[in-house]
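**Q** The residues making up each chain are set out below.
There are 4 protein chains.
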Amino acid sequence: MDLLDCYFKVRKHTEAICSHLQTEDYVVQPVVDVSPPKWHIGHTTWFFETFILKPYATGYQEYNAEYNYVFNSYYEAVGNRVIRTDRGNLSRPTVIEIYRYREYVDDAMTKFLLEEPSAEVRELLVLGLNHEEQHQELLYTDIKYILGHNPLFPAYNKDYVSPKVARSDSGFIKLDEGVYEIGFAGKGFSFDNEHNRHKVYLNAFDISPNLVTNAEYLEFINADGYHDFRHWHAEGWDWVKTHHIESPLYWHMIDGEWHNYSFHGLEPLKLHDPVCHISYFEAYAYATWKGMRLPTEFEWEATAPQFAWGKSWEWTESSYLPYPGFTKAAGAIGEYNGKFMVNQKVLRGASEVTSPGHSRITYRNFFQTHLRWQFTGIRLAK
Amino acid sequence: MDLLDCYFKVRKHTEAICSHLQTEDYVVQPVVDVSPPKWHIGHTTWFFETFILKPYATGYQEYNAEYNYVFNSYYEAVGNRVIRTDRGNLSRPTVIEIYRYREYVDDAMTKFLLEEPSAEVRELLVLGLNHEEQHQELLYTDIKYILGHNPLFPAYNKDYVSPKVARSDSGFIKLDEGVYEIGFAGKGFSFDNEHNRHKVYLNAFDISPNLVTNAEYLEFINADGYHDFRHWHAEGWDWVKTHHIESPLYWHMIDGEWHNYSFHGLEPLKLHDPVCHISYFEAYAYATWKGMRLPTEFEWEATAPQFAWGKSWEWTESSYLPYPGFTKAAGAIGEYNGKFMVNQKVLRGASEVTSPGHSRITYRNFFQTHLRWQFTGIRLAK
Amino acid sequence: MDLLDCYFKVRKHTEAICSHLQTEDYVVQPVVDVSPPKWHIGHTTWFFETFILKPYATGYQEYNAEYNYVFNSYYEAVGNRVIRTDRGNLSRPTVIEIYRYREYVDDAMTKFLLEEPSAEVRELLVLGLNHEEQHQELLYTDIKYILGHNPLFPAYNKDYVSPKVARSDSGFIKLDEGVYEIGFAGKGFSFDNEHNRHKVYLNAFDISPNLVTNAEYLEFINADGYHDFRHWHAEGWDWVKTHHIESPLYWHMIDGEWHNYSFHGLEPLKLHDPVCHISYFEAYAYATWKGMRLPTEFEWEATAPQFAWGKSWEWTESSYLPYPGFTKAAGAIGEYNGKFMVNQKVLRGASEVTSPGHSRITYRNFFQTHLRWQFTGIRLAK
Amino acid sequence: MDLLDCYFKVRKHTEAICSHLQTEDYVVQPVVDVSPPKWHIGHTTWFFETFILKPYATGYQEYNAEYNYVFNSYYEAVGNRVIRTDRGNLSRPTVIEIYRYREYVDDAMTKFLLEEPSAEVRELLVLGLNHEEQHQELLYTDIKYILGHNPLFPAYNKDYVSPKVARSDSGFIKLDEGVYEIGFAGKGFSFDNEHNRHKVYLNAFDISPNLVTNAEYLEFINADGYHDFRHWHAEGWDWVKTHHIESPLYWHMIDGEWHNYSFHGLEPLKLHDPVCHISYFEAYAYATWKGMRLPTEFEWEATAPQFAWGKSWEWTESSYLPYPGFTKAAGAIGEYNGKFMVNQKVLRGASEVTSPGHSRITYRNFFQTHLRWQFTGIRLAK
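Top line first, the protein sequences correspond to chains A, B, C and D. Residues in the first sequence are numbered consecutively from 196, following this note's numbering. Residues in the second sequence are numbered consecutively from 196, following this note's numbering. Residues in the third sequence are numbered consecutively from 196, following this note's numbering. Residues in the fourth sequence are numbered consecutively from 196, following this note's numbering.
Here chain A stands alone, though its shape is the one from the complex (with noise of 0.2 Å):
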C-alpha cells in the first residue's frame, strides 16, 4: 500500500471512531487524563501540519496560527499551549471548525505527498500515522469514559462488536534461566523506546498463558481483597482509601448484581471475560494475593509467542525506563518518549481498541500506577 493510501486509511478510521458521537461528546473533558474527542481530531491534524507540512511543504500557508496554541500537547520546543487541564473548557473551535481544519491539511497533504516526499519526511509521516494510531486508542478509551461516567450511561455503538478471547486449558509455561534478546530487531516502524536490541539476563520462570477474568477477580473482591493492606502497595493502600476504590472502573452493583459499563451500555458483567480497567495497584495487589507476581517486560516478551494476547493491556512489573544506548531524536519529536520516562509502569501487549497492526511483541506502552481508564489487564507470573 502506498504512502498516500496508509494516510488516508489511518485518517479516515480516526473519523469512522468518531462517527457514533453527538457533538456534545466531542466537547467535554471530566477529568484531566482524558481529552476531548474534538482535541484528538485537531491535534493529529496538527501533528501533520506541524512536524510535516510547515517545514517541508514549500508555499504551505498555516490555517490558523492560533491553532498551535489549541492543539499543541506537550511539545514544548513548539511553544505555549492550553493547558491540559483546560481542553474541556475550550467551546471554540466548533467540531465543524475542526473537521474543516482536518480536511484543509488533508488536502495538502495529499498534493505534498504526491511529490514523492524524501526519506526524512516519509519516516516523520510513518511516525505521524502511528501516532494518531495511538490517539485512536485514546479515543476510544476517552468517549467510554465520557459516556460510562454520564448518570444516563448512553451507549456509544449497539453495533460495537467486542472481541472473543480465546483461553488456554495448559498450565503455565516455563521459561529456563539464561541470556535473552530484548527489544525492535527487523524491519518496519518501531518507536525509539524499543531500541536498542540488548540481553538480558532472566530467572527461570512460569507464566500464565490465559489473563485473569471477572470471575477470578471477583473471588479477590469477595475475600475482602480491598479492604486488606497486606496485598498492597504502601502507595496503593492510600489510594485505595483516598479514593474509596471498591472494583474495576466501570463496575456497578446494582440491585445487587455486578453490571459493567461497555460500548452498548451498562449490562451484566461476564464473568469469563478478561477482568478491565484495573490500575496497577490492584493489579500488584491481585497477584500478590493469590501468591504470585506479575511478569517484567522481559519475561513477557521472551514468552509471549507462546501464548495469544492482544486484546488487553497487561501491566507489569518493570518500571519505564530506557535501553541501553537509547537516544532522543533531535528536536520537538525528541519529546514523544524519552521524557515520560520516570514513576511509569510498562504495558505490554495491546487491547480490544488498539488499532489493527499498531502493535507488536516489542511494543512499549506505559501509564502511571493510578490510571485505569486504558483497557488494563492482568496476566500472572510466579
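Keep in mind that the hints were calculated from the coordinates and are not lab data. Here the structure is a predicted model, which is why all the values come from computation and not from measurement. There's no promise every hint is true.
Since the list can't tell identical chains apart, any single copy or any two copies may satisfy a pair.
What the hints assert, rightly or not - In the DSS-like style, the derived pairs of lysine-lysine whose C-alpha atoms are separated by at most 25 Å in a straight line are:
1. Lys485 with Lys523
2. Lys249 with Lys523
3. Lys577 with Lys306
4. Lys577 with Lys394
5. Lys577 with Lys523
6. Lys382 with Lys523
7. Lys207 with Lys306
8. Lys577 with Lys485
9. Lys394 with Lys369
10. Lys436 with Lys207
11. Lys207 with Lys249
12. Lys523 with Lys369
13. Lys436 with Lys523
14. Lys306 with Lys249
15. Lys207 with Lys369
Could you slot chains B, C and D onto chain A? The hints should help.
**A** Chains B, C and D only, in chain A's frame:
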C-alpha cells in the same frame, strides 16, 4: 398580559439569548461558578415541572425521571443531584434533547394554565418566571465567561447593543440623618428577602449620582493600587496576591493598550463606560484609595430615586442578612434565598443584562466577595 | 494604679498563664488558627518594642533585628514576616531565649515609663496592654487546642477553677421598637471598632436571659440536627459534611457517654454548663431548629444590662462592619481592626478566659463563621 | 562484641546525635517527610518493645499502652497510629518522658538479653539495631532540615567534622559487557531487599570514579539548566516550575555569593565538595545536560570496588523493584521494605551521616524522585 402570555414571553426570551450560540458553547463549564447554557435551559424547565406540573397537574407524566438528578440546582429537599463542578462533564442529554424536554414541559404548561390555576399555583408560576429571568441574566454572564476565556475570543453577537449610561454633572447627593423605611411595599412580585419592610436609622451621608468609570479606575491601577496593601482588606490582599490580580476581569493589555472583552469580542477599552467585572474586594480598595467608601444597601435604597441606576450591579458595604421578620417558605421553595444569607455582600440596582422589568428599587442581589463574572460596578459614598 | 504597675500586672499575668506549660507545649501549632505559646510571648513583647521603644525611647538598642521577621503577626507596614502556617515549624528562638528577650524589653520599658511619657505614648501603651490581654485569651484558647488535640489528653492545670454561670428563671426579656444608641461613650480605653457611637432603629424583639446549655444542645444532636440540611446555611451544610462535624469541639463519645475536654483533662459532659466551642454555623442551625434566631449585635448591646454575661462569647447575627464614621489610625496601628471587616461575624460578651476588666458592653469580638476554638456560645432571640 | 554491647553502642549513638539539640528542636516537623527528633527517639524504642519485649520477654509490662498509637510509624499490622503529618503537633509525651520510656525499655532489654535469647530473637535484635542506625541517619537529615529552615540558621554543632572526599585523577572506569552477579552474599546482616543474589546482563559502559562537585553543578546553573525543559523529565519540569526550584536545597544567594547551610550554619559554598541535597530530577537533568546519564544500580554494584564511595548517597537510574526470588517476612516485619517497591528510585553508596558500618556494596536505599532532604549526590555514567 395574561399568565400564559407572560409565560411564553419569558420562555422565548431565554431561547433568544441562546440563539447566538454554537452547540459546543452550550456544553462547557470553565469554572465552578459558571453553568453550561444547556444546563440553564434544562434547569429552568425542571423548575416548572418539579414545582408546578408534578404536584398540581393531574395526570402529568414526568418526562424523564433521571432529569431530576441532572437539572436540580441546589434543592436538598428534591433529592440527589449532579455535583456542581460536574455540570460541564455531561455531554448528555444533548442540546436537542433538552430543547425537546423544554417543548414537552411548555406544552403541558399551556394545557395546565388554560384551566384557571389556583392562586397558589399562580404564585408559584410568577416565582418560576422571576426565577427564569434570574437565569437569563446568568446565561449572559456565563456565556460571556465561556467565550471571553476562549483563546480565540469569539464574539457572542456582533449586533449586540451596549447600553448608554447617562451621567450627571451635579455633585454628590446628600441625605439627612433620620429614620427611613426599607423593603418592599405595594403590589406585584417581590422575593422573600425584600421583606419585611422595616425602619432603619441612617446617619447623614453623601452619595454619587454616577458610577465609577474605566478612566477613573485606571487612575487607581496607574497609582499602583493593586500593589499597596493599605487599600485592601486582609482577605482581599491575600486574594490579589494568590490570584495575581492586576485589573478587572476581561481586561487585556495588548501592545501597550488596554483592551476589554465584550459581547463584540476584544476591543479597545472604552474609558467613559462604568468599570465592570470587579470583585467586592476591588470595589472596597478603590473606594478606600479615594478616601471614600461604598454605600450600605439602606443608603442606596433611600437615595436611589434621585440617581440613574440599572446598567451595572453595584456592590454595597452591606452583608446579606435577613430583614426583621424574614421567614422562609415551607418546603423546597424555602431554600430559594434564606440559606445563602452568610458571607455574601448585597448588590443593588440591575445590570445591562438584567431582563426588562425584573429589578426594582428594593431588589437585593448577592454574591461572594471575590466574584467578578457578574456585571458589577462601583458607586461611591462618603 | 500607675502605668508601670499596670504594665507589670498585665505582663506577669501572661507569664502566669504559661506557668503550667512544659517547654514542648510552647512550640507546636496543630492548626493554622492556633499560634505556639512561645510566639505569643515573643509577639506581645515585639509589640512594645516596635511601637513604643524603637520610635520613642531615645538610645534604645533593638534586641535582635531578626526578631521582627519572627514575631510580626500581620502588620504589612512593619515588613516581611514568617508566614502564619510556619510559626509551629520554628524551634528557635527557644523558650528561654524568648523570655530573655521579654526581660530585656521589660527592663527598657521600665526605664522609659519612669520618664513621664507623653500622652501619645501613654495611649500606645494602653493599646499595647489591651493587645496583650487579647493575646492572654488567645493563649488560653490555643493551649486548650494544643493539649485537647493530643492523644494523651493531658490536663492544663488540675487546679483551674471553672466559672459558675448564674441562670435566670424568668422568661425572655422584651425590648420595644425605637431608636437606640450603640457604641462606646465615656472615658477609659476602647478600640476603634467601637466608634462612632451612633443611632440604630430596632424592631421589638425578645431575648433570652440565659445561654443555651449542653443539655439543650444535646436535644438538637439527638434530634439529628447535624443531619438535617433544613436548619443550616448552604455553606454551613457543606462545612458539616466536609469535616464530618457531629458535635461541638472537644466532645468525645466514650463507651456511650459524652465527655468533654476541659483544662482538667477529659471529664463527663456537664449538662448544665453553657454549650461552648461551636461555630457560627452551629449556633445558627441550633437557633433555626428551635424556631428562633440569634440576636444582632445591636439587640445584644441594647439589652445586655438586663442579663448576666461574660462567661462565653456569644455569636450574633451581625456581620463585622465599620460603624458610621469609623476611621483607621495612621500607620501600622491602623491595621489593628479595620482590615478584618469582611466575612466575619461579631461576637459579644466575654468568656471565662477573658482577662479581668478587658471587656465591656460595647466590645466587639469577631471570627470567621466556621471557627470553634474560641469559647463561643449561643443566646437566643425571637 | 556481644549483643548487649552492640545494643548499647547503637542506642547511645542515637542519644549522642541528639545531645546538641535544644528541647524545642526535638518537637517540630516543618515538612511531612521530616519527623521530630523526639519521635525518632520514641519510635526506635517502640520497635524493640513491640517486636521483642512484648512477644518474647516473659512478664514484661508494657510502659504505656497509648505509646503504640504515638510511636508506630507505618506498621498497619500493629494498629492505628498518629497520621504522619501530625507528628509535629504533639507536645506530649515530652522529651524527658520519652527518654524515661527509652530507659525503661533499655533496662528491660538488658535483663532480657542476659538470658541467652533464641536465634529468632537475635535476628530481630540485629534488625532492630540496623533499623535504629537507619533512624540515626534520618535524625541527621531531619535535624539539618529543622535548623536549616529556621530563619536564624542556627548551627547544629560548631565542632562537627565534615568528611574529606578523596578524588581520583584517572578517567572513567570501563566495564565489559557480560553477566554479573548482584545482591548480597556471605555472612553478616543484610536487608531482605538485597536478596536473592542473581545474575544480570550488563552492556559495556563507563562510570566516573568521582562524584559531581558543587563547581561542576554551578556550571549547569549558570548555563540556565533550571530553565531549559530539554534536560528534564516532563514530571521533573513540572516540579521545577511549580516549586520555583533554582538550586540545590540549602543553597542561598547572599549579596551575590552562593552560600550553603551546613551543620556549622551558613557558610560560603565549598566549590570542591560533592554537590548534595538534590532530587533525582535534578541529578537526571544534570547528567542529560552533560550528554551522559546516571548509572543503574547494577552498574554501580559491579564497579563500586574500583572507586571511593560512602560520603553521599548516589541516585541511580534504577527503579526500586524486588530482586528475583524476593519474599516478604511474615507478620508486621514483612512491611519493612516490600510495600515501598513502587515509584521510588534506588540510591547506592552511603553518606557522611550514615552510621559507621551500616552500609555495604549491596545496600539499597530508596526515595521518591522529588526528595532532596537526604545527602544525595551524582555520579555520571555513559
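**Q** From the Cα coordinates, with 25 Å as the cut-off, is the pair Lys523 and Lys369 best called within, between, both, or neither?
**A** between (36 Å within a copy, 24 Å between copies)
**Q** Within, between, both or neither: how does the pair Lys577, Lys523 come out at a Cα-Cα threshold of 25 Å?
**A** between (35 Å within a copy, 15 Å between copies)
**Q** Checking an output row: Lys436 and Lys523, CA cutoff 25 Å. Within, between, both or neither?
**A** Result: close only across copies, 23 Å inter versus 39 Å intra.
**Q** Between Lys249 and Lys523, at a C-alpha cutoff of 25 Å, which is it: within one copy, between copies, both, or neither?
**A** within (22 Å within a copy, 56 Å between copies)
**Q** With identical chains, the pair Lys577 and Lys485 could be close in the same copy or across copies; at 25 Å between alpha carbons, which is it: within, between, both, or neither?
**A** within (10 Å within a copy, 41 Å between copies)
**Q** Should Lys207 paired with Lys306 be assigned to within, between, both, or neither, using CA atoms and 25 Å as the limit?
**A** Classified as within: same-chain Cα gap 17 Å, cross-chain 49 Å, threshold 25 Å.
**Q** Could you place Lys577 and Lys306 in one of the four classes (within, between, both, neither) given a Cα distance threshold of 25 Å?
**A** Neither: 55 Å inside a chain and 45 Å across chains, both beyond 25 Å.
**Q** Check Lys577 against Lys394 for me: Cα-Cα at most 25 Å, and say if that holds within a copy, between copies, both or neither.
**A** Cα proximity of Lys577 and Lys394: in one copy and across copies (22 Å, 18 Å).
**Q** Up to 25 Å between alpha-carbons, please classify Lys207 paired with Lys249: within, between, both or neither.
**A** within (22 Å within a copy, 48 Å between copies)
**Q** Could you figure out if Lys382 and Lys523 sit no more than 25 Å apart (CA to CA) within one copy, between two copies, both or neither?
**A** within (20 Å within a copy, 44 Å between copies)
**Q** One pair to classify: Lys436 and Lys207, alpha carbons no more than 25 Å apart. Within, between, both, or neither?
**A** Close neither inside one copy (43 Å) nor across copies (39 Å); limit 25 Å.
**Q** Please work out whether the CA atoms of Lys394 and Lys369 approach to 25 Å or closer within one copy, between two copies, in both situations, or in neither?
**A** Cα proximity of Lys394 and Lys369: in one copy and across copies (19 Å, 18 Å).
Hint violations for this structure: numbers 3, 10, 15, all remaining hints satisfied.
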